[in-house]
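Participant: Since chain Y is already given, all that's left is putting chain F on it; use the hints.
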Amino acid sequence: MRLLAKVDTGASFCIFQRDYADQLGIHVESGLHKVVATATGQFDAYGHTLILSCLDWEFEATVYFAGGLDYQRNVLGRSGWLQHFRLALVDHDAMLLLSHYDD
Amino acid sequence: MTDALLAADQHFDWGFLPVRSPGFSAREPLRIRIDRTSQAYDPRERGKSPPLRAGFGVPTRGSTTTVEAHLRGAQHALAELEQPLQRAQRDREYRQELRWLAENRHRFSGRWIALEGDRLLAAGDTSREVFLQVANRPRPPLVIRIDEEDLPFAGW
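If you're matching them up, the sequences are chains Y and F in order.
Sequential numbering of the first sequence, starting at 281, is according to the working numbering.
Sequential numbering of the second sequence, starting at 39, is according to the working numbering.
No wet-lab data here; the hints were simulated from the structure.
There may be inaccurate statements among the hints.
Below, simulated SDA-like cross-link-like pairs (lysine to any residue); rule was C-alpha separation at most 20 Å, straight line [stated by the list, open to error]:
hint, chain 1, residue 1, chain 2, residue 2
1, Y, Lys286, F, Arg128
2, Y, Lys314, Y, Phe365
3, Y, Lys286, F, Thr104
One side only, chain F facing chain Y, incomplete, derived with CB under 8 Å [unchecked claim]:
hint, residue
4, Phe146
5, Pro179
6, Asp185
7, Leu189
Facing chain Y, a subset of chain F residues (Cβ under 8 Å, in silico) [as the list claims (entries may be wrong)]:
hint, residue
8, Val105
9, Leu109
10, Arg183
These figures come from a predicted structure and were not determined experimentally.
The beta-carbon is built from N, C-alpha and C at its ideal position, and this holds for glycine as well.
Same shape as in the complex, but just chain Y (with noise of 0.2 Å):
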């Protein structure tokens, strides 16, 4: 499936609606049980391990799905994503660039 995920360099993990979960087939709960904090209170999220993509880069990741279905953010944090990134950001020029780490 694909999706559209904002980058949150201040984010601890990967964090996606509970919708694609449902749709991949996932048990949501089943998986590892984190609670996650953020500005305005926090919410459940659980792990699981999947391929992600982007661009032309394929790796396997853990990610987390929002327990709950008010959850409506995709969010790439750093451990599962940006980990495996140089990234580099120039915002007054609108330029974001990107690499695999091992390139």
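Facilitator: Chain F only, in chain Y's frame:
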């Protein structure tokens, strides 16, 4: 095939064709040589000969490159040539999707949609409803929920 090999060779620094001798021109047809050794073949030696060897371009004495190695190199190079085309198509589709979203998202506020380039494939109130409508497509479309309000994102 010859044109493809030459085209591919021009696009790769490492090349998969052997270094050309000074007299070789890219305009010349590619010459393929297949022999058993770098020396003249003696029919009386049939049956005792070493494995087939081949060289592309101008024959060079002592070439040890096999036909299989050249073909593997050619296949690899052609596959590498495919990649930029696929990437260009993917990038074009992605830009079309972002443009479509910028122009139409207000019409689908709070709903799930499936997009492929600038074509809306499905829309519904639940993700399940939309995924069901695009289940049999060969390539997965972009399936997302449109935020009810396009508020700035402040991280979390």
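Participant: If a hint holds in the structure, say so; if it doesn't, say that too.
Facilitator: Results for each hint:
1. Y:Lys286 / F:Arg128: This hinted pair holds, its Cα atoms lying about 19 Å apart.
2. Y:Lys314 / Y:Phe365: Violated. Lysine 314 of chain Y to phenylalanine 365 of chain Y sits at ~24 Å, over the 20 Å cutoff.
3. Y:Lys286 / F:Thr104: Violated - the C-alpha atoms of threonine 104 of chain F and lysine 286 of chain Y are around 49 Å apart, more than 20 Å.
4. Phe146: 14 Å, violated
5. Pro179: Result: holds, 7 Å to nearest chain Y Cβ.
6. Asp185: Holds, because the Cβ-Cβ distance from aspartate 185 of chain F to chain Y comes to roughly 7 Å (cut-off 8 Å).
7. Leu189: Violated - the Cβ of leucine 189 of chain F stays beyond 8 Å from chain Y, reaching only about 11 Å at its closest.
8. Val105: Check failed: Cβ of valine 105 of chain F comes no nearer than 31 Å to chain Y, outside 8 Å.
9. Leu109: Nearest chain Y Cβ about 25 Å off; hint violated.
10. Arg183: 6 Å, holds
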